Each structure stands twice: as C-alpha cells, then as structure tokens.
Amino acid sequence: MAFNILVVDDSPAMRRVVKRVIEICGVDTGKLLEAGDGLQALKVLRSEWVDLVMTDINMPEMDGEQLVMEIREDSMLESIPVLVISTDQSEGRMKQMLALGANGYISKPFQPATLSGELYRLLGGAPNESF
Amino acid sequence: MKASDVAVLIPAACKEVLNAMYFTDVLAETPQEDTHEGVPSIVQSYAFALKFSGDVSGRFGLCLEHGTARRLAANFLGEDETDIAEGDVIEVVGELTNMFCGSAVSQIESGTKFVLSHPQPVQQLPAASSEDLIFVGMETDSGPITTWVVVDKAGAHREN
Chain E
0 MAFNILVVDD SPAMRRVVKR VIEICGVDTG KLLEAGDGLQ ALKVLRSEWV DLVMTDINMP
60 EMDGEQLVME IREDSMLESI PVLVISTDQS EGRMKQMLAL GANGYISKPF QPATLSGELY
120 RLLGGAPNES F
Chain R
0 MKASDVAVLI PAACKEVLNA MYFTDVLAET PQEDTHEGVP SIVQSYAFAL KFSGDVSGRF
60 GLCLEHGTAR RLAANFLGED ETDIAEGDVI EVVGELTNMF CGSAVSQIES GTKFVLSHPQ
120 PVQQLPAASS EDLIFVGMET DSGPITTWVV VDKAGAHREN
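Which chain is which? The protein sequence lines are E and R, in order. For the first sequence, the residue numbers in numbering that gives the first Met the number 0 are 0 to 130. For the second sequence, the residue numbers in numbering that gives the first Met the number 0 are 0 to 159.
Keep in mind that the hints were calculated from the coordinates and are not lab data. Quick caveat: nothing in here was measured; it's all calculated off a predicted structure. Zero decoy hints are in this set.
If you want the footprint, here are the derived chain R segments under chain E, 3+ residues with CB under 8 Å:
1. 8-20
2. 75-81
Capping the alpha-carbon separation at 27 Å, the derived lysine-lysine pairs in DSS-like fashion look like this:
3. Lys94/E <-> Lys50/R
4. Lys94/E <-> Lys14/R
5. Lys14/R <-> Lys18/E
6. Lys94/E <-> Lys112/R
A virtual CB, placed ideally from N, CA and C, is assigned to each residue, including glycine.
With the sequences and hints as input, model every part of the structure.
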C-alpha cells in the first residue's frame with residue numbers, strides 16, 4: 000500500500016530534507032506533497048488523499064498549532080495522523096501539541112533514524128535498517 | 000537573564016545541530032566576546048538573524064563565509080557542493096539559524112514555550128552599544144561560524 004504524505008514547513012530546505020529521509024527509509028510512498036504553511040496544507044488536505052501530515056509549528060499565515068486544531072475539528076480530516084517536527088524542544092510545547100491532537104512530536108535537530116521510526120509507528124510496519 | 004547566560008548554551012546547541020543534521024563536527028570554540036573584531040568580513044559571508052520571545056526575549060544571529068555555507072548546505076541536502084543553487088544555500092543558512100537558536104533557547108527552561116521569528120538576512124553585525132550582546136564563535140570541519148545573541152532588557156519586549 001502506497002502512502003501519501005504531506006510535509007508542511009515554511010523552510011523549503013527542511014521540506015527537501017524531510018522528503019529525502021522519507022524516501023531513504025523505505026516507506027512505500029505514493030505522493031510526497033508539500034505546503035509552506037497551515038493554510039496551504041488545508042488546501043492540499045481538502046483536495047488530495049493524505050495518510051500522514053508532518054508539520055512544523057512556527058509558520059506564517061497559519062501555524063502548526065492552528066493546523067492541528069483545524070484537522071481535528073474537520074470530520075473529513077480528523078482521523079489523519081499528524082507528526083509535529085519543531086525546533087522547540089520544550090516539554091511544555093510537546094505536551095501542548097499532543098493535547099491538541101498531534102500523534103507524535105520530534106524536535107529538530109533529529110537523527111534520520113528517529114524520523115524513520117516515527118513514520119513506521121504512525122503508518123505501520125517495521126523501520127528500514129538503512130540508518 | 001543576560002546574553003552571557005544564553006551564550007553559554009550556544010556551543011552545545013550548535014554542536015548538536017551540526018552533528019545530527021549537517022554531519023559536521025565542531026573542532027574548537029572561541030571565547031565569548033562583546034565585539035565582533037574577530038568576525039570574518041560580512042561582505043564575503045551570509046548573515047541571518049531572528050527574534051526569539053518567551054521567558055527571555057532577544058535576537059539571535061549567525062554569520063559564515065560563503066564556502067562554509069556551501070559545504071554545510073551540501074551536507075544538509077545530501078547533494079554535491081557544485082550542484083546547489085545559491086538560493087538553496089541561503090535557505091539552508093536560514094534554517095541553520097532557526098535550529099541553532101531553537102536548540103539553545105529550548106535549554107533555558109524546558110517547560111516554557113518560546114516563539115521564533117522567521118530568519119531574515121542581515122547586512123551588518125550588531126554593534127555593542129547599550130545592548131546586552133555576546134558573540135560566540137566556533138571552528139568546524141566545514142569552516143568557521145560566528146553566532147551572536149542579544150537579550151532584551153527586562154520589560155523591553157512589553158513595550159513593543
């Protein structure tokens with residue numbers, strides 16, 4: 000089964016890195032979609048089938064907090080797993096995002112193996128041992 | 000909290016970021032300074048800065064020579080140095096600024112949230128005047144990197 004994954008981050012460079020890790024870790028991906036902020040992400044989510052959202056928090060227009068809330072409040076989107084990837088390493092932020100409905104939280108910087116592990120946890124399956 | 004209190008967190012934070020995502024080692028650190036006399040000319044460098052706010056507020060920036068930036072970008076993106084567009088190098092430097100600051104500020108108080116502004120290119124380094132400013136430099140196996148931190152005076156952020 001091929002998974003469609005949406006990567007949301009206002010840094011194009013970070014989106015490229017995350018997409019590269021996804022490709023290397025061996026997850027069977029269908030479409031690797033991108034968005035630069037929460038508003039763009041919602042447009043993608045309402046027009047494409049997405050199996051997992053990976054999102055930053057600090058973004059213009061609509062931040063990651065608002066995006067998670069919007070996803071959880073939308074009956075068509077509420078079941079999509081959300082993984083947060085953020086520079087904020089504070090426990091307070093992590094707890095807040097999980098309370099809002101995120102399914103996982105990784106802080107930057109991250110080891111590729113950490114991201115790979117979370118991908119497999121949320122999508123199902125065993126991590127590739129490439130890392 | 001003073002800039003020197005934040006500055007002591009920077010080397011370990013930068014090392015963590017560089018090792019994990021830029022596959023780069025820190026070889027040496029330079030002592031904290033409140034002037035930029037030892038910083039490479041910004042003319043041949045990329046420099047970015049952002050604002051952070053939370054329990055402590057201020058600004059964070061970094062400056063690195065073009066060659067260093069290109070090597071780091073190649074490591075970050077997993078591509079050959081010669082294949083990377085300058086625009087991509089600049090984006091990577093911005094992201095590096097973001098991660099350095101986020102990693103350092105996260106250590107100030109683990110239970111407190113903070114907000115970072117989007118990194119922006121800057122044309123000049125901050126000057127030590129009435130601001131609480133510290134420069135922290137390091138030598139890496141990709142080249143030298145200089146960071147700086149300014150901590151707002153107590154109450155200053157409430158006036159903004």
